[in-house]
Amino acid sequence: MASGKKAAVTQPAAVGRSDGQLRVVGKAIRKVDATAKVTGATRFADDLFLPRMLYAKLLRSPHPHARITGIETSKAQALPGVKAVLTGRDLPIPFGILPVSQDEHALAIDKVRFVGDPVAGIAAASEEIATAALDLIDVRYESLRPITDAEDAITHPEPRIHDYGDGGNLHKLVNLEFGDVAEGFAEADLVREDLLFFEGSTHLPMEQHAAVADWSPLPDGKLTLWSSTQTPHYVHRALAKVLELAPAKIRVVATPNGGGFGGKSDPFSHEIVVAKLAMLTGRPVKITLTREEVFYCHRGRHPTLMWVKTGVKRDGAITAMHFKSLLDGGGYGSYGVASTYYTGALQTVTYDVPRYKFQGARAFTNKPPCGPKRGHGTPQPRFALEVHLDKIAEQLEMDPAELRLKHLVPPNSLTANWLKIGSMGLGECIRRVIDGSGWRQKFRKLPPGQGIGLACSSYITGAGLPIYWNPLPHSGVQLKCDRGGGVTVFCGSTEIGQGSDSILAVLVAEILGLDPFDVAVVTGDTDLTPVDLGSYSSRVTLMTGNACIQAAERARDAIASHAARQLEVPVARVAFADRRVFDLEDPTHGLAFADAVQLAEAAQGTIGTVGSYTPAPSPGRYRGAGVGPSPAYSYSACVALVDVDPASGIVRVPRVWIAHDVGRSINATTVMGQIEGSVYMGLGEALMEEMAYRGNRNVVHKIPSLLEYKSPTTLEMCDVVTYVVQDPDPNGPFGAKECGQGPLLPVPPAVANAVYDAVGVRVDEVPITPEKVFKALRRKEKGEPARYGPATFPEIAWPEPTRVPTPWEGGDGRAVEGGGRRATEAARRP
Amino acid sequence: MPDAKVKLAFELNSEPVEVAFAPHKTLLEVLREDLGLTGTKHGCELGECGTCTVLVDGKPVLSCLVLGLACAGHRVKTVEGMAGGGSLHPLQDAFAELGAAQCGYCTPAFLLAAEALLGETARPTRDEIKQALSGNLCRCTGYLKIYEAVELAAARLRGEDAKPAPESLYGVR
Numbered sequence: 001m002a003s004g005k006k007a008a009v010t011q012p013a014a015v016g017r018s019d020g021q022l023r024v025v026g027k028a029i030r031k032v033d034a035t036a037k038v039t040g041a042t043r044f045a046d047d048l049f050l051p052r053m054l055y056a057k058l059l060r061s062p063h064p065h066a067r068i069t070g071i072e073t074s075k076a077q078a079l080p081g082v083k084a085v086l087t088g089r090d091l092p093i094p095f096g097i098l099p100v101s102q103d104e105h106a107l108a109i110d111k112v113r114f115v116g117d118p119v120a121g122i123a124a125a126s127e128e129i130a131t132a133a134l135d136l137i138d139v140r141y142e143s144l145r146p147i148t149d150a151e152d153a154i155t156h157p158e159p160r161i162h163d164y165g166d167g168g169n170l171h172k173l174v175n176l177e178f179g180d181v182a183e184g185f186a187e188a189d190l191v192r193e194d195l196l197f198f199e200g201s202t203h204l205p206m207e208q209h210a211a212v213a214d215w216s217p218l219p220d221g222k223l224t225l226w227s228s229t230q231t232p233h234y235v236h237r238a239l240a241k242v243l244e245l246a247p248a249k250i251r252v253v254a255t256p257n258g259g260g261f262g263g264k265s266d267p268f269s270h271e272i273v274v275a276k277l278a279m280l281t282g283r284p285v286k287i288t289l290t291r292e293e294v295f296y297c298h299r300g301r302h303p304t305l306m307w308v309k310t311g312v313k314r315d316g317a318i319t320a321m322h323f324k325s326l327l328d329g330g331g332y333g334s335y336g337v338a339s340t341y342y343t344g345a346l347q348t349v350t351y352d353v354p355r356y357k358f359q360g361a362r363a364f365t366n367k368p369p370c371g372p373k374r375g376h377g378t379p380q381p382r383f384a385l386e387v388h389l390d391k392i393a394e395q396l397e398m399d400p401a402e403l404r405l406k407h408l409v410p411p412n413s414l415t416a417n418w419l420k421i422g423s424m425g426l427g428e429c430i431r432r433v434i435d436g437s438g439w440r441q442k443f444r445k446l447p448p449g450q451g452i453g454l455a456c457s458s459y460i461t462g463a464g465l466p467i468y469w470n471p472l473p474h475s476g477v478q479l480k481c482d483r484g485g486g487v488t489v490f491c492g493s494t495e496i497g498q499g500s501d502s503i504l505a506v507l508v509a510e511i512l513g514l515d516p517f518d519v520a521v522v523t524g525d526t527d528l529t530p531v532d533l534g535s536y537s538s539r540v541t542l543m544t545g546n547a548c549i550q551a552a553e554r555a556r557d558a559i560a561s562h563a564a565r566q567l568e569v570p571v572a573r574v575a576f577a578d579r580r581v582f583d584l585e586d587p588t589h590g591l592a593f594a595d596a597v598q599l600a601e602a603a604q605g606t607i608g609t610v611g612s613y614t615p616a617p618s619p620g621r622y623r624g625a626g627v628g629p630s631p632a633y634s635y636s637a638c639v640a641l642v643d644v645d646p647a648s649g650i651v652r653v654p655r656v657w658i659a660h661d662v663g664r665s666i667n668a669t670t671v672m673g674q675i676e677g678s679v680y681m682g683l684g685e686a687l688m689e690e691m692a693y694r695g696n697r698n699v700v701h702k703i704p705s706l707l708e709y710k711s712p713t714t715l716e717m718c719d720v721v722t723y724v725v726q727d728p729d730p731n732g733p734f735g736a737k738e739c740g741q742g743p744l745l746p747v748p749p750a751v752a753n754a755v756y757d758a759v760g761v762r763v764d765e766v767p768i769t770p771e772k773v774f775k776a777l778r779r780k781e782k783g784e785p786a787r788y789g790p791a792t793f794p795e796i797a798w799p800e801p802t803r804v805p806t807p808w809e810g811g812d813g814r815a816v817e818g819g820g821r822r823a824t825e826a827a828r829r830p
Numbered sequence: 001m002p003d004a005k006v007k008l009a010f011e012l013n014s015e016p017v018e019v020a021f022a023p024h025k026t027l028l029e030v031l032r033e034d035l036g037l038t039g040t041k042h043g044c045e046l047g048e049c050g051t052c053t054v055l056v057d058g059k060p061v062l063s064c065l066v067l068g069l070a071c072a073g074h075r076v077k078t079v080e081g082m083a084g085g086g087s088l089h090p091l092q093d094a095f096a097e098l099g100a101a102q103c104g105y106c107t108p109a110f111l112l113a114a115e116a117l118l119g120e121t122a123r124p125t126r127d128e129i130k131q132a133l134s135g136n137l138c139r140c141t142g143y144l145k146i147y148e149a150v151e152l153a154a155a156r157l158r159g160e161d162a163k164p165a166p167e168s169l170y171g172v173r
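Heads up: the sequence lines are chains C and R, in that order. Heads up: the first sequence at position 556 corresponds to 556 in our numbering, and the numbers run straight through without jumps. Heads up: the second sequence at position 172 corresponds to 172 in our numbering, and the numbers run straight through without jumps.
No lab work stands behind these hints: they were computed from the structure. Treat the hints with care, as some may be off.
Simulated restraints on C-beta separations [unchecked claim]:
{"id": "1", "chain 1": "R", "residue 1": "A122", "chain 2": "C", "residue 2": "V522", "range": "35 to 43 Å"}
{"id": "2", "chain 1": "R", "residue 1": "R158", "chain 2": "C", "residue 2": "A647", "range": "15 to 23 Å"}
{"id": "3", "chain 1": "R", "residue 1": "R158", "chain 2": "C", "residue 2": "S705", "range": "52 to 60 Å"}
{"id": "4", "chain 1": "C", "residue 1": "V571", "chain 2": "R", "residue 2": "A122", "range": "55 to 63 Å"}
{"id": "5", "chain 1": "R", "residue 1": "R158", "chain 2": "C", "residue 2": "P770", "range": "52 to 60 Å"}
{"id": "6", "chain 1": "C", "residue 1": "E428", "chain 2": "R", "residue 2": "V17", "range": "39 to 47 Å"}
C-beta atoms are modelled at their ideal positions from N, C-alpha and C, and glycine is treated no differently.
Chain C with its partners taken away, still in its complex shape (with noise of 0.2 Å):
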């Protein structure tokens, strides 16, 4: 019903498309790093010495939550080799990645709230003094209850763990009502209700975090910090902040990151802590967390509890959902009002939902912060979804794939929420994996212990809007060409191994008719590059592509205008091709690129340009609007095959197949890895990975090391069939969306649907490990409910609903009650 009611959206202009001829976008192009990295060539954070350079440790908490009541730090300082001491109170200022959650210290003044929570830093001749020296401070503490999971925080709203929120121990409350979904369900003709569990995990990158900080003395007074961090620019801001220095002051430089995966977006403790030693003590200062500091720095998934009710009709069509989301959110903010908005956002992105009610509701509790891991908030509910949509063919006695595909959402469409629709390849992305995998002989007709699964995704590419509200672009590029036919294009994006150093050396290439190893690439230095807001939320290809499109065709029409006098042809028919500048009509009549430029150089100067980008304004104004905005939407369709043994409950996955619409793919090579680094991660976040801690000894984490903290090796991987699907938007370089995140999202529930095909339970939780089959098996022999899975949602005190009329009941994307701010929330805000 929904879908003829949607307002059509007017598609912008194609960008970055000249003669239609793509040249060097969308080749397998080796990565501009890629000789530096199998070099080891490659300068990691930790590669990094310096003259006179100290180490830093920290001391961390061994208490879940307690009030510091004394700390004594003269026997630490008094040891040889150590050069300086800090505490919370010599870095009192708070900070936060989000403006909404300034709650952390770089140090703990009054209180811990998790184990591993910074309490003191150290700096030393070495790391084995510095280690030595920790021993020596002396800190006093007084237990508090420890606030142990997201249940545990609603029912003691005290001893409250940060004074802020929205009472007790909850820090965020979210309630929006999209339509009148009692009306939607009433015109079902069939209702479910399902519960399930997201356990959470981490990023575990192969790199430990690691930061070097230098301090030029006065009168220069600057600060240059290298660290392994996904964003620069909000670390430089952190900085600004809490060390109470200028901006222009600071320099933070991003080595390549050793593996981010989200892991490395916020501002860290150790960050601020070793910059702050280095203005002590004059000298550089280094840390490297331990694999172990590691596990705490965290960020990591949200363990989430969703329910999710839906109504459909006979042939599969939604008519309303309503999905509730609780998150465990550890003892920190972190990004996590924006993780628990993202639990809610993109249920309408796939598929057709006319009404759309969400409550999502974050915990404070006594554990190491979550924050965003690749996919950021959304692959819980879309496990959930998934899950829940193959119970609900399975009850309509519909081939899900086929539910899937009858109700698609349409392209350039409005959502219930407000959300853009651009370009839509999920249809195409289900067919290739349905044909593909042999769909249509395999489900439901395999032998015992096999099964196959299918579920779908959607991902942003990039959020609309900035993580602090300001009007200025999200991507800057500065760009030069030289005299030699070179070029070298600045940009502050950060390489965190997707590769999107090489997508600027690819579009630059493209537009001047270069190759992408002419193009030389400066990224993520705050002095010597425009701000891009970081690699987080995908966004990278998207928005530093379009401000590179925009530099090099500045600079294209610059060397144009000049080369098309020299030629004596109008400015229309030069081309830019193979290192040459020629009449389009006749090949043959050009120069060489370097002497264009020469000649433009000669002309005019200089030949430098910028570009930047900032994506449009969203169509959604209600409060909450700004968390599911993208200027372009990705999709994926994955297929698991799956082994169980019911004896043990060991699940095997011998293969997937994955769909992926990635608008246009800008470098082949890197979309196969990001493709195929997602089906990985899902993976193991299906099967083995979780954030465990002893319940019943003080929160304290089961497995912070890489033995125990299980992730696949090569001897569980599984096998991927990948299809690259490119469905090109307006909105992207070229039309290309993201494929670093969404790739993931699929691949825990097509696994989940997969083990209920094979041996007929529902494991309705992740990590699906053998334990749980094995007792889901077990109750389906003894005729219980054959499941595993959560049982109960816990009440919440939600707020009044935000109401939002949906495009198709004309509204304007404004709330009409309950959308105001409210008391408490203002009263926060700094």
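With chain C held as given, fit chain R onto it using these hints.
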């Protein structure tokens, strides 16, 4: 207090070296801190992740678990010793070509473990590659491009004019 330094002589990347360091230091620390060879990485320093793999007498070892002193008189090879004569080793070239190095942090270790494998068998099966690399963790690639790169390099080292399969670069069309 730091121990008095000891001197070690061994063969590093086909050249004799002498280095002085505190005797408790692991080979990983000696390589990175005393010899300035930071191509060898670390992910745990507990022998769990394989990221610090180097070759000692041609066999992969975890340099975080080996004392520097234990290497006296042995042949050690790190990633810095792989490229020669101004060209990448075929394994390095194949890793770069296929995108088997994403963030690149685990890459030196995978390259050396793969080199040890190819030293033993010129035509490893996919299962042999998986077994040989099962002690090395990679969080970026899902390992698939690594297998393909090892296979491509193995073919080239056998003298074949091998090229990546189109579906490996572009997916199944």
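Status of the hints after comparison with the structure:
no., hint, in the structure
1, A122(R) x V522(C): 35 to 43 Å, "42 Å, holds"
2, R158(R) x A647(C): 15 to 23 Å, "43 Å, violated"
3, R158(R) x S705(C): 52 to 60 Å, "40 Å, violated"
4, V571(C) x A122(R): 55 to 63 Å, "57 Å, holds"
5, R158(R) x P770(C): 52 to 60 Å, "41 Å, violated"
6, E428(C) x V17(R): 39 to 47 Å, "58 Å, violated"
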